[in-house]
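Taken in order, these protein sequences are the chains called A and B.
Residues in the first sequence are numbered from 1 upward in steps of one, following our numbering.
Residues in the second sequence are numbered from 1 upward in steps of one, following our numbering.
Simulated from the structure, these hints should not be mistaken for lab results.
Note that CB positions come from ideal geometry on N, CA and C, so glycine has one too.
Take the hints with a grain of salt, since some may be wrong.
One-sided excerpt, in silico: chain A residues whose CB lies under 8 Å from chain B [as the list claims (entries may be wrong)]: (1) K73; (2) M76; (3) I82; (4) K106; (5) F110; (6) Y137; (7) V141; (8) L142; (9) A145.
So the derived list for chain A, only partly shown, Cβ under 10 Å to chain B, looks like this [said to hold, decoys possible]: (10) N61; (11) F64; (12) V75; (13) D79; (14) N80; (15) A109; (16) W115.
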Amino acid sequence: MVFAQVDVSTTPSAPKKISLKRYEYLDRDHSYKEIRNHLTFAYGAMVVGYVATQYETVKNNGSFRNYGNNAGKVVMDKDNPIWNLVGHPYTGSQTYLFYRALGYEKLHAFQMSFWTSTLFEFSIEIYTEKASVQDIYQTPVLGSALGYAFERTSMFLLNNDSSTILKFFAYVINPMAFFGFTEVETVIYPEISKNRQGLHYMVTF
Amino acid sequence: MKKMKTFFFLFLSSFSLHTYAYENDFALKVGVAYSYTALSDVEVIHNIPLGFGLSSHVGYRFTRWETNISSYLNFSKLKGMEVEANGSEINGDGNFQSVTFGPTVRYYYIDHPTKYGVPYVLGGAQMAMQTMSFGVNTYINGGSFDELHKLTFEGYGLLLGLGLDKNKKDKRNYFTEFVYITNMSRKTSEIGGTNTQVELITTEHSKRKVFEHTFFLSVGMTLF
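The whole structure should be built from the sequences, with the hints applied where relevant.
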């Protein structure tokens, strides 16, 4: 998911070696089962995060009676802008980056982010309040835009000779970069001899 | 002469293609904006100082037509605002925030990328909400409005605009647009509570309609 070529070193007598040490998401197709599992994981993480950060709201305002009354209704919420313009987009950005780290191309990561947050909005948040236009729109849209910026910044920092602090910062803004890869150098080269034929695959930590 | 200049510009632009256009594809666009807002009811017009904003569009591009769900956010300061709500006449300074969502349609004059961008017109319907919060030096006459509470107006409106878009998804995929948005309030609410938990104090149909007129000058890019 990570790899793209950087340098190819060859000598007349040695086999061709391909060194892979660039951080980059490699987009790929996903099976239905993978999509289902990834969606379930992201949705579950949102539920856990919601209960953890808004336990008092869930406890005081949540009820199954609300659930029934709020189901299917969409309103403009009057929440503090900090929630609507910082909290929700940040959540959306991490959801987007989660899918990107799992190899979804940008548009598909946005679409998955949209379905995850919409599913959450209509199935969990209605326990305490009606689904809101701002959350449905801003979480995936502004979240993906923010995630796009985080991804570009973190990849730039990781792929250039940044200081340890800057690399740490790259992981802070894009912690999903831990998914799928760590900072390693992978070297692949073929061996074709009388007795052995195959590929050498070396990973250096 | 002016028509000739316009024609000449568009004619030259149509020959400057050297990259691929995207069409029949989804796209997400985000921009930052300068905004100017005027609020009016039947009697008074309040000019709100220049603010800043965000615009975002997600939708599907055909060859020349593009349909989006668009949102415009606008933040400004209130100076000497006079407004009536919940039986109170409120006069003071504070903060103003406006947010709109709705379907928009763009029509591109040319169906391929050009050096300077492709001119387009856009229009759409919007649902909108304006929020006002007031400072401590707010004068309140009558009624029960609390100066620490916020005032929101919900309504519907229209937007019209024009712009230039590079119509690309690769490098230099910028767009710039000028948009006029107008909304009319239908519902007025007083909001209390805390930063983490808002409380709806009152809500009523707007007796004195508040009209918002916002001009957006937005610059942004197609992210993907």
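How the hints compare with the structure:
1. Here the hint on K73/A is broken, as its CB sits about 14 Å from the closest CB of chain B, past 8 Å.
2. Of the supplied interface hints, the one on M76/A holds, with its beta-carbon coming within about 5 Å of a beta-carbon of chain B, less than 8 Å.
3. Checking I82/A against chain B by beta carbon gives a least distance of about 7 Å; that is within 8 Å, so the hint holds.
4. Taking 8 Å as the C-beta cut-off, the interface hint given for K106/A holds, the closest approach to chain B being about 4 Å.
5. Below 8 Å, beta-carbon pairs count as interface contacts, and F110/A has one with chain B at about 6 Å; its hint therefore holds.
6. At about 6 Å, the closest approach between the beta carbon of Y137/A and any beta carbon in chain B falls short of 8 Å, and the interface hint on this residue holds.
7. At its closest, the beta carbon of V141/A sits 5 Å from a beta carbon of chain B; the interface hint therefore holds under the 8 Å criterion.
8. Proximity of L142/A to chain B holds as hinted, the smallest CB-CB distance being about 6 Å (cut-off 8 Å).
9. Interface hint at A145/A: satisfied, since its Cβ lies 4 Å from the closest Cβ of chain B, which is below the 8 Å cut-off.
10. Hint status for N61/A: holds, given a least beta-carbon distance of 8 Å to chain B, under 10 Å.
11. This hint is violated: F64/A has a C-beta 20 Å from the nearest C-beta of chain B, more than the 10 Å allowed.
12. Hint status for V75/A: holds, given a least beta-carbon distance of 9 Å to chain B, under 10 Å.
13. At about 6 Å, the closest approach between the beta carbon of D79/A and any beta carbon in chain B falls short of 10 Å, and the interface hint on this residue holds.
14. Restraint check, N80/A versus chain B: the minimum CB separation of about 5 Å is within 10 Å; hint holds.
15. Taken as an interface hint, A109/A checks out: its beta carbon lies about 9 Å from the nearest beta carbon of chain B, inside 10 Å.
16. Look at W115/A: its Cβ only gets to about 13 Å from chain B, farther than 10 Å, so that hint breaks.
Checked against the numbered hints above, the structure breaks hints 1, 11 and 16 and satisfies the rest.
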